[in-house]
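J.: Here is how the chains run, residue by residue.
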Amino acid sequence: MALGELERDVMDRLWAAGEPLTVREVHEQLAAHRKIAYTTVMTVLDRLAKKHVVRQEREGRAFRYTPVASREQMVAELMLDALGGVPSVDDRQAALVHFIGGVSPAEAAALREALDAVAPDRGNSTSPA
Amino acid sequence: MTAVWFAALALLLAGPVPALLARARWTWQVPRAALVLWQAIALGAVLATLGAGLASLSLLVTEEPGFPFLERHGPVQTTLIGLGSALVAVVTVRFWVVATFVGVRTRRRRNRHRDLVDLLHRNESLSQVNAALLSGTGVRVLAGPGRVAYCVPGVRSRVVVSDAMLASLTPEEVRAVLAHERAHLRARHDLVLEGFTALHAAFPRVVSSQAALDSVRLLVEMLADDAARRRAGTQPLARALVALAGSGDPGQEMPVGSAALARVRRLAARPPRRGLSALTYAAAAVVLGGPTLAIAVPWLQASYRALAH
Chain A
1 MALGELERDV MDRLWAAGEP LTVREVHEQL AAHRKIAYTT VMTVLDRLAK KHVVRQEREG
61 RAFRYTPVAS REQMVAELML DALGGVPSVD DRQAALVHFI GGVSPAEAAA LREALDAVAP
121 DRGNSTSPA
Chain B
1 MTAVWFAALA LLLAGPVPAL LARARWTWQV PRAALVLWQA IALGAVLATL GAGLASLSLL
61 VTEEPGFPFL ERHGPVQTTL IGLGSALVAV VTVRFWVVAT FVGVRTRRRR NRHRDLVDLL
121 HRNESLSQVN AALLSGTGVR VLAGPGRVAY CVPGVRSRVV VSDAMLASLT PEEVRAVLAH
181 ERAHLRARHD LVLEGFTALH AAFPRVVSSQ AALDSVRLLV EMLADDAARR RAGTQPLARA
241 LVALAGSGDP GQEMPVGSAA LARVRRLAAR PPRRGLSALT YAAAAVVLGG PTLAIAVPWL
301 QASYRALAH
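Read top to bottom, the protein sequences are chains A and B.
Numbering-wise, the first sequence is residues 1 to 129 according to full-length UniProt numbering.
Numbering-wise, the second sequence is residues 1 to 309 according to full-length UniProt numbering.
If you are wondering where the hints come from, they were derived from the structure by calculation, not from laboratory data.
Check the hints yourself; a few may be wrong.
Stated by the list, open to error - Non-contacting residues of chain A with respect to chain B, defined by C-beta distances greater than 10 Å in every case (computed):
1. Q29
2. L30
3. K35
4. T39
5. T40
6. E59
7. A82
8. A95
9. H98
What the hints assert, rightly or not - Derived DEER-like restraints, expressed as beta-carbon distance ranges:
10. G15(B) with T66(A): 48 to 58 Å
11. A262(B) with E59(A): 51 to 61 Å
12. R188(B) with G18(A): 28 to 38 Å
13. E28(A) with V93(B): 52 to 62 Å
What the hints assert, rightly or not - Stretch by stretch, here's where chain B covers chain A in the computed footprint (C-beta under 8 Å, at least three residues):
14. 7–17
15. 75–81
The beta carbon of each residue, even a glycine, is placed where N, CA and C say it ideally should be.
Using the sequences plus the hints, can you model the full thing?
T.: Written out as structure tokens, the structure is:
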């Protein structure tokens, strides 16, 4: 199984648990469904911690892992980052390329008018130039 | 004298020329050629600046012992030439430092974003229709409140759409959106955008870098629109643009609305005249070739003379 899918699976377990889990606990859950090495789970949790999506806290001799935010919060944060649209930020980097930015209601109305001017099939068929 | 000519050319290509070109509407008919022209102007301005610096330096430093220029022309002119050279050096260093920062920041945000998309995307909630449409590699679906469609460019690129967006479009319209985003990724439009973003970040005032960045952004979208209409048809693309343009959060006004309108109106316009594209490419060749020849020819002549001795 690809490492990416495994990371997603581990995150789902951590979110579902609702409390910090040790590597052993995550491994036990995953091993119930498939063959997987303890060290692999350790690697995945370490990678997730490096990506700052899980927090690592020491408890006695073991580490416990917990997601930094709920799934919904993280999706919302991602969408906000995607919607961005902060010109001062976007003028200093070119990270994402959008299909379209947001517009005001007045412009949306003008857009619908402009749409009526786009004749059917032009661009598809060979219209005389 | 060469230094003055180069300085004048650099100022022209950095100020009035981009300001004028940004106001032009004919560029929308030939986005690819227009993008080449924009890049030629930017590169031409950089080359002319370098040329001005090198030419004035060569005035000061010659093979004769001492400072012959100072003895011949006096302290005022020498100081002016010296200041000019220093300015060119500052401009050059500033651009490369800022460009590096822009590159690092862009890649950091992009990697972070892609990591999160890969972790948080949903592939179980898709309907049959959507699953068939999105079977292409690198398309990710987010389940969330916003209607978004965008791409994360780079080596491990992703096209990201939200299920709210999928739900508000017909399959043909989704096809158009995906074709548009894939065109961005395939042609590495992000590299063009990054160059002009760096230029604007390095020189936000004085030169017309904001106008250049805005124009290039719009032209890149139009270029991807052209690719999308070839693959998915003009009408689905236009409908998708209108449907998604209205989805902006009303509390958060973004100054790109007129761009959406321009893109839809353009889809209804007639195809461009053939000669326009060729003319634009020719203009780009002149802008870039002129200064380059002016630098290269004297240098080659000087080298030739030096070798002949």
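J.: Confirm or reject each hint.
T.: Here's how the hints hold up against the structure:
1. Annotated as non-interface, Q29(A) keeps its C-beta farther than 10 Å from every C-beta of chain B; the closest such distance is 18 Å.
2. A cut-off of 10 Å between C-beta atoms confirms that L30(A) is not in contact with chain B; the least separation is 16 Å.
3. No Cβ of chain B approaches the Cβ of K35(A) within 10 Å, the least distance being about 23 Å, so the stated non-interface status holds.
4. Residue-level check passed: T39(A) sits 21 Å from the nearest beta carbon of chain B, beyond 10 Å.
5. Here T40(A) stays apart from chain B, with its beta-carbon at least about 17 Å from theirs, past the 10 Å limit.
6. With a least CB separation of 25 Å from chain B, E59(A) remains clear of the 10 Å interface cut-off, as annotated.
7. At roughly 5 Å from the closest C-beta of chain B, the C-beta of A82(A) falls inside 10 Å, breaking its exclusion from the interface.
8. The Cβ of A95(A) does not lie farther than 10 Å from every Cβ of chain B; its closest approach is about 4 Å, which violates its non-interface assignment.
9. The Cβ of H98(A) sits about 4 Å from the closest Cβ of chain B, inside the 10 Å cut-off, so the non-interface label is violated.
10. For G15(B) and T66(A), the hinted distance range of 48 to 58 Å is satisfied, since their beta carbons lie about 55 Å from each other.
11. A C-beta distance of roughly 58 Å is found between A262(B) and E59(A), which places it inside the suggested range of 51 to 61 Å.
12. Checked against the given bound of 28 to 38 Å, the beta carbons of R188(B) and G18(A), roughly 44 Å apart, lie outside it.
13. E28(A) and V93(B) have their C-beta atoms about 57 Å apart, which keeps the hinted 52 to 62 Å range intact.
14. Three residues within the 8 Å Cβ limit are the bar, and the stretch 7–17 of chain A against chain B gives 3, so the coverage statement holds.
15. For a cut-off of 8 Å, the count of residues in the stretch 75–81 of chain A with a CB near a CB of chain B stands at 6, and the three-residue condition holds.
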